[in-house]
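S.K.: This is what each chain is made of:
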Amino acid sequence: MAVLVIADHDGAHLRDTTHKTVTAAKALSGEVDVLVYGDGAQGVADAAAKIDGVRKVLLSQSAGLKAEIAEDVAALINGLAGGYDAVAIPASASGKNFAPRVAALLDVSLLSDVIEVVDANTFVRPIYAGNALETVQTSEAKKVLTVRTTAFRAAGEGGSAAVETVAAPAAADGTRFIGEEKVVSDRPELGAAKIVVSGGRALGSAEEFKAVIDPLADKLGAAVGASRAAVDAGYAPNDYQVGQTGKVVAPGLYIAVGISGAIQHLAGMKDSKVIVAINKDPEAPIFSIADYGLVEDYKTAIPALMGALG
Amino acid sequence: MKILVPVKRVLDYNVKVRVKADQSGVDLSNVKMSMNPFDEIAVEEATRLKEKGVATEIVAVSIGPAQAKDTIITALTIGADRGILIQTDVDVEPLAVAKLLKAVVEQENPDLVIMGKQAIDGDNNATGQMLSTLLGWPQATFASKVVVENGEAQVTREVDGGLQTLVVKLPAVVTTDLRLNEPRYASLPNIMKAKKKPLDMKTVADYGVDVTPRLKVVRVTEPPKRGAGVKVKDAAELVASLKSAGVL
Ligand SMILES: Cc1cc2nc3c(=O)[nH]c(=O)nc-3n(C[C@H](O)[C@H](O)[C@H](O)COP(=O)(O)OP(=O)(O)OC[C@H]3O[C@@H](n4cnc5c(N)ncnc54)[C@H](O)[C@@H]3O)c2cc1C
Ligand SMILES: Cc1cc2nc3c(=O)[nH]c(=O)nc-3n(C[C@H](O)[C@H](O)[C@H](O)COP(=O)(O)OP(=O)(O)OC[C@H]3O[C@@H](n4cnc5c(N)ncnc54)[C@H](O)[C@@H]3O)c2cc1C
Chain A
1 MAVLVIADHD GAHLRDTTHK TVTAAKALSG EVDVLVYGDG AQGVADAAAK
51 IDGVRKVLLS QSAGLKAEIA EDVAALINGL AGGYDAVAIP ASASGKNFAP
101 RVAALLDVSL LSDVIEVVDA NTFVRPIYAG NALETVQTSE AKKVLTVRTT
151 AFRAAGEGGS AAVETVAAPA AADGTRFIGE EKVVSDRPEL GAAKIVVSGG
201 RALGSAEEFK AVIDPLADKL GAAVGASRAA VDAGYAPNDY QVGQTGKVVA
251 PGLYIAVGIS GAIQHLAGMK DSKVIVAINK DPEAPIFSIA DYGLVEDYKT
301 AIPALMGALG
Chain B
1 MKILVPVKRV LDYNVKVRVK ADQSGVDLSN VKMSMNPFDE IAVEEATRLK
51 EKGVATEIVA VSIGPAQAKD TIITALTIGA DRGILIQTDV DVEPLAVAKL
101 LKAVVEQENP DLVIMGKQAI DGDNNATGQM LSTLLGWPQA TFASKVVVEN
151 GEAQVTREVD GGLQTLVVKL PAVVTTDLRL NEPRYASLPN IMKAKKKPLD
201 MKTVADYGVD VTPRLKVVRV TEPPKRGAGV KVKDAAELVA SLKSAGVL
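Note that the protein sequences, when read in sequence, are chains A and B. Following the numbering used here, the residues of the first sequence are numbered contiguously, the last one being 310. Following the numbering used here, the residues of the second sequence are numbered contiguously, the last one being 248.
Hints in this document: simulated from the structure, not taken from any laboratory. Note that the Cβ used here is the ideal one computed from N, Cα and C, for glycine as well. Treat the hints with caution; some may be incorrect.
[To be verified] Pulled from the structure, derived: some chain B residues nowhere near chain A, Cβ distances all over 12 Å:
1. Glu51
2. Lys52
3. Gln107
4. Gln139
5. Thr156
6. Arg157
7. Asn190
8. Pro198
9. Thr203
10. Val204
[Unchecked claim] Ranges between beta-carbon positions, derived for each pair:
11. B:Glu51 to A:Asp232: 16 to 24 Å
12. A:Glu116 to B:Lys197: 41 to 49 Å
13. A:Gly40 to B:Gly246: 39 to 47 Å
14. A:Ala162 to B:Leu248: 37 to 45 Å
15. A:Asn121 to B:Asp27: 25 to 33 Å
16. A:Gly221 to B:Asp27: 26 to 34 Å
17. A:Gly156 to B:Ser29: 46 to 54 Å
18. A:Asn121 to B:Ser29: 41 to 49 Å
19. B:Met201 to A:Ser139: 49 to 57 Å
20. B:Gln67 to A:Gly179: 21 to 29 Å
[Unchecked claim] Distance condition first, Cα-Cα at most 30 Å in a straight line; then the derived BS3-like pairs of lysine-lysine:
21. A:Lys273 to B:Lys225
22. A:Lys210 to B:Lys231
23. B:Lys195 to B:Lys50
24. B:Lys52 to B:Lys16
25. A:Lys270 to B:Lys233
26. B:Lys145 to B:Lys69
27. B:Lys233 to A:Lys210
28. A:Lys280 to A:Lys299
29. A:Lys194 to B:Lys233
30. B:Lys196 to B:Lys69
31. B:Lys233 to A:Lys280
32. B:Lys196 to A:Lys280
33. A:Lys26 to A:Lys194
34. A:Lys219 to A:Lys299
35. A:Lys280 to B:Lys231
36. A:Lys194 to B:Lys225
Kindly produce the complete structure, drawing on both the sequences and the hints.
M.R.: Next up, the structure:
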């Protein structure tokens, strides 16, 4: 049984979510290949070849693949699927966009957001915003799974797999890529950061969010996150949203500033190692899961925290 | 232009989830059920397109138990013109939902399907992409803005790292993200009107789709509980605690 892992990268750098997905794949099989799709992604493929335990790397390049057009990516994977018993995809926004297509093309179920591989046919996945864990068993010949990467350790480096080029599929004719607006930042990525500082509705404006949350994050070398309320109100970009319907993070330290702790938010951060909550309401639900709670107005607490950090 | 909006009845997002003691699933007895919030956003978007004169008819479809009629009535209250309920007590998986929706599309011939990106119970985030694949129609998922003109939809999508804009040829499948719009509140006159709108009752057999679950749910359990920790008195004590915990 061989597994095809789909690499997650930003065009130039391989994300460690790929290494984590390789770990999940290794629980299924010793034969793990990695597919890198994009354009100008040779460097990413070379990085993937170094992941410990990878048998070979497949590289496929086209403009549509670079734009992550779901139709193109799914067609590529479908064309390769014959050689594999399972396809494992990091559960990023991009992975969630094309994974169900791969399952539909193969006429099999999608096993989404897998957090544990029990055996080759049995998987655990969160449902209801992580308030329940479902163990499901499949008897289908091929498995298509998306992997919640926060639940797996990253595979190490030290491999030296060969990189093979595979032809790109024909571009989907119903879809045109117009453009993108990516948030550029020198901070670590939300999904990969060791520390995350998140701000909520309490911040009140985009200016205040920047003035309060950003300096604290910079001092800690942290990524910035936000609650849905803060994103909806325009205090922070959509990509910052942590939660059931945003990003799932599990850093070593998560600091929630002016966030109440709705279940939809907790779903995205409750597996963090240490959680700090700063909130002026002692009854805020976030305190029920925080390791360290500070009941104080952020307006005094954050400057004091900046001072104490030196 | 005709728009089809699939709507799902789910546990209300405000209700505390209880896992059944026998680990067979989540307890859905005597709890508040509502329309999946992403589907409300989908119905709202379709309604705005109709109000702008872009759409002429909105059909809401739900697959679920008899009570999913209420979910359709909610859609009719927001602005859908008629409803279809495919009644089943089977726990229909995303691929089978997509096959049923495909059959509905083939009968109704809509120009656009707008649906939620994710149902907040199964959290699969799969059905729209599967439907698009089965129909061979373009997909534009996680939409935060939709502009329909000249037989195309320009869709701004919430992606890793920011936003992406695609143009898809109609007919197409669009799935909604949270920022697309804020659904209106139901007014009493609209609730009264909704109850008079047509609602077709169907069965799975009417569409000839096999909905037998393919995944076997072995068990459903509660996640490990995370307890409350300690309250610190000020920032200095917080920093000291984090240092001794080894995270700073
Ligand atoms: C379908 C659906 C999906 C959702 N998905 C997500 C998701 O993915 N992620 C997410 O985060 N939410 C999500 N939500 C929204 C969620 O239910 C909450 O509404 C949201 O998380 C609240 O954000 P908040 O905590 O910032 O705001 P609030 O709940 O308003 O909390 C603000 C907090 O700030 C505190 N505060 C106010 N002033 C100060 C001050 N000066 N100093 C210190 N503290 C202060 C208050 O005491 C309060 O606790 C979703 C909801 C739905 C329906
Ligand atoms: C009795 C019962 C028991 C269940 N037990 C479980 C369980 O133990 N574990 C579990 O994971 N799930 C359970 N479910 C839910 C069921 O498995 C999911 O409905 C199914 O897997 C679809 O996944 P999703 O809703 O997450 O799809 P998603 O792909 O997240 O849904 C996306 C969108 O598809 C559309 N859609 C999805 N379903 C429907 C529908 N029925 N009608 C109309 N539109 C729809 C909506 O527009 C929705 O926003 C149960 C359901 C029932 C009725």
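S.K.: So, for every hint listed, does it hold in this structure?
M.R.: Hints, verified against the model:
1. Glu51: holds (22 Å)
2. Lys52: holds (21 Å)
3. Gln107: holds (20 Å)
4. Gln139: Nearest chain A Cβ is 6 Å from glutamine 139 of chain B, so the label is violated.
5. Thr156: violated (9 Å)
6. Arg157: violated (8 Å)
7. Asn190: holds (25 Å)
8. Pro198: holds (31 Å)
9. Thr203: At roughly 23 Å from the nearest Cβ of chain A, threonine 203 of chain B sits farther out than 12 Å, so the non-interface label holds.
10. Val204: Given a closest Cβ separation of 18 Å, the condition holds.
11. B:Glu51 to A:Asp232: 16 to 24 Å: holds (22 Å)
12. A:Glu116 to B:Lys197: 41 to 49 Å: holds (46 Å)
13. A:Gly40 to B:Gly246: 39 to 47 Å: holds (40 Å)
14. A:Ala162 to B:Leu248: 37 to 45 Å: holds (43 Å)
15. A:Asn121 to B:Asp27: 25 to 33 Å: Given a distance of about 27 Å, which is inside 25 to 33 Å, the answer is holds.
16. A:Gly221 to B:Asp27: 26 to 34 Å: The hint (26 to 34 Å, Cβ to Cβ) is violated, given that glycine 221 of chain A and aspartate 27 of chain B are roughly 44 Å apart.
17. A:Gly156 to B:Ser29: 46 to 54 Å: holds (48 Å)
18. A:Asn121 to B:Ser29: 41 to 49 Å: Hint violated: Cβ distance 31 Å, outside 41 to 49 Å.
19. B:Met201 to A:Ser139: 49 to 57 Å: violated (33 Å)
20. B:Gln67 to A:Gly179: 21 to 29 Å: Cβ of glutamine 67 of chain B to Cβ of glycine 179 of chain A: about 44 Å, so the range 21 to 29 Å is violated.
21. A:Lys273 to B:Lys225: Holds, at about 13 Å.
22. A:Lys210 to B:Lys231: Roughly 27 Å separates the two Cα atoms, so the pair holds.
23. B:Lys195 to B:Lys50: At roughly 20 Å apart (the allowed maximum being 30 Å), lysine 50 of chain B and lysine 195 of chain B satisfy the hint.
24. B:Lys52 to B:Lys16: violated (38 Å)
25. A:Lys270 to B:Lys233: holds (23 Å)
26. B:Lys145 to B:Lys69: holds (29 Å)
27. B:Lys233 to A:Lys210: Holds, at roughly 26 Å.
28. A:Lys280 to A:Lys299: holds (10 Å)
29. A:Lys194 to B:Lys233: holds (25 Å)
30. B:Lys196 to B:Lys69: Holds, because 13 Å separates the two Cα atoms, which is no more than 30 Å.
31. B:Lys233 to A:Lys280: Roughly 12 Å between the alpha carbons, so the hint for lysine 233 of chain B and lysine 280 of chain A holds.
32. B:Lys196 to A:Lys280: Not satisfied, since the Cα-Cα distance of roughly 49 Å exceeds 30 Å.
33. A:Lys26 to A:Lys194: holds (24 Å)
34. A:Lys219 to A:Lys299: Satisfied, since the Cα-Cα distance of roughly 17 Å is no more than 30 Å.
35. A:Lys280 to B:Lys231: holds (12 Å)
36. A:Lys194 to B:Lys225: Distance ~22 Å between lysine 194 of chain A and lysine 225 of chain B Cα, so the pair holds.
In summary, the numbered hints that this structure violates are 4, 5, 6, 16, 18, 19, 20, 24, 32.
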